[in-house]
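2 protein chains.
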Amino acid sequence: MYSIKSRIWIEGQDGVFLGEGRVKLLKAIIEEGSLSKAALSINMSYKKAWKLIDSMNQNSKKPIVTKITGGSNGGGTFVTDYGKQMIKNFDDVNQRCWDFLDNELKSFNYSDES
Amino acid sequence: MYSIKSRIWIEGQDGVFLGEGRVKLLKAIIEEGSLSKAALSINMSYKKAWKLIDSMNQNSKKPIVTKITGGSNGGGTFVTDYGKQMIKNFDDVNQRCWDFLDNELKSFNYSDES
DNA sequence: AAGCGTTATTTCCATAAAGATATAACGAAA
DNA sequence: TTTCGTTATATCTTTATGGAAATAACGCTT
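Residue numbers (my numbering), protein chains in the order written: chain A, 5 to 118; chain B, 5 to 118.
Among these hints, one or two may not hold up.
Remember, identical chains collapse to one label, so a pair may be satisfied in a single copy or spanning two.
As the list claims (entries may be wrong) - Below, simulated PhoX-like cross-link-like pairs (lysine-lysine); rule was C-alpha separation at most 25 Å, straight line:
(1) K9 - K31
(2) K55 - K110
(3) K110 - K9
(4) K92 - K9
(5) K9 - K28
(6) K110 - K66
(7) K65 - K92
(8) K92 - K55
(9) K88 - K110
(10) K65 - K110
(11) K66 - K9
(12) K110 - K71
(13) K92 - K110
(14) K28 - K110
(15) K52 - K65
If you're looking for bench data, these hints aren't it; they were derived computationally from the structure. These numbers were taken from a predicted model, which means no experiment stands behind them.
Sequences are here, hints too, so could you generate the full structure?
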């Protein structure tokens, strides 16, 4: 029996705006309150995490995260309400896509048996 | 305005069985009648093409291609009827997935404006 | 037996992607 | 003004990926 896998992502004006990796990172940021801790928690290098966030903000009309550098606790990174909405949108669409493809698989496997 | 991109692939027992790159290669094989010519025609190295076909056959219950080495014209590679059916299945599902996601994008962009 | 155009396979090299490390900048708090 | 934990950024190294090229094997044809 085969299975259908999928990967979706959202593109903005000039590149990828949201994808599975970015969403995972954003969720970690919500948990940790800082980019460095978030990257650490999901086993991602700070450099990669920073680049992802950077390209996200460049391809989004409204900011996805706010960044504070310096300050009482050294600063931090925080996901905006808009960002949280985008995460939910992505997860929802992704889930619906999986459901859709699971259903499509039936017709695919049919001709495998014939 | 954002857009949703997607990539789907079919997995068998032990890895990827069909994907966009493999389908493109199979179509080229149908056109050319040989793996080397097919790879050349789509600007793919023979090595990569061979590996794709190899993993495809390993993850398929029925053969996707038949290969003849040596012989009158040196041999050739030919897509089986089963393989052709799989190509059609993949293209169909892929197209329906795109249509599905295009429709999903509406709800996504809605909260972008709000 | 020799020639041919394939498939099949290995080895080497170049490029790109990712990781590690180091350091600067920042700004509140003490 | 010193300290602290962040963000921000550059540089170097390592690893992974992919292509190039060379060669073997194959079997029909002549």
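Status of each hint after checking the structure:
1. K9 - K31: Answer is both: 23 Å inside a copy and 22 Å across each meet the 25 Å cutoff.
2. K55 - K110: Neither, since 39 Å and 28 Å both go past 25 Å.
3. K110 - K9: both (14 Å within a copy, 23 Å between copies)
4. K92 - K9: Result: close both inside a copy and across copies, 21 Å intra and 17 Å inter.
5. K9 - K28: both (18 Å within a copy, 18 Å between copies)
6. K110 - K66: between (40 Å within a copy, 18 Å between copies)
7. K65 - K92: Only inside one copy: K65 and K92 sit 17 Å apart there, 39 Å across copies, limit 25 Å.
8. K92 - K55: Classified as within; 22 Å inside a copy, 39 Å across copies.
9. K88 - K110: Result: close only across copies, 18 Å inter versus 34 Å intra.
10. K65 - K110: Close across copies (17 Å), not inside one copy (39 Å); limit 25 Å.
11. K66 - K9: Cα proximity of K66 and K9: across copies only (21 Å, versus 31 Å in one copy).
12. K110 - K71: Neither: 46 Å inside a copy, 30 Å across copies.
13. K92 - K110: Intra 28 Å, inter 15 Å, cutoff 25 Å: inter-copy only.
14. K28 - K110: Result: close only across copies, 23 Å inter versus 30 Å intra.
15. K52 - K65: For K52 and K65, the Cα distance is within 25 Å only inside one copy (22 Å; across copies 40 Å).
Checked against the numbered hints above, the structure breaks hints 2 and 12 and satisfies the rest.
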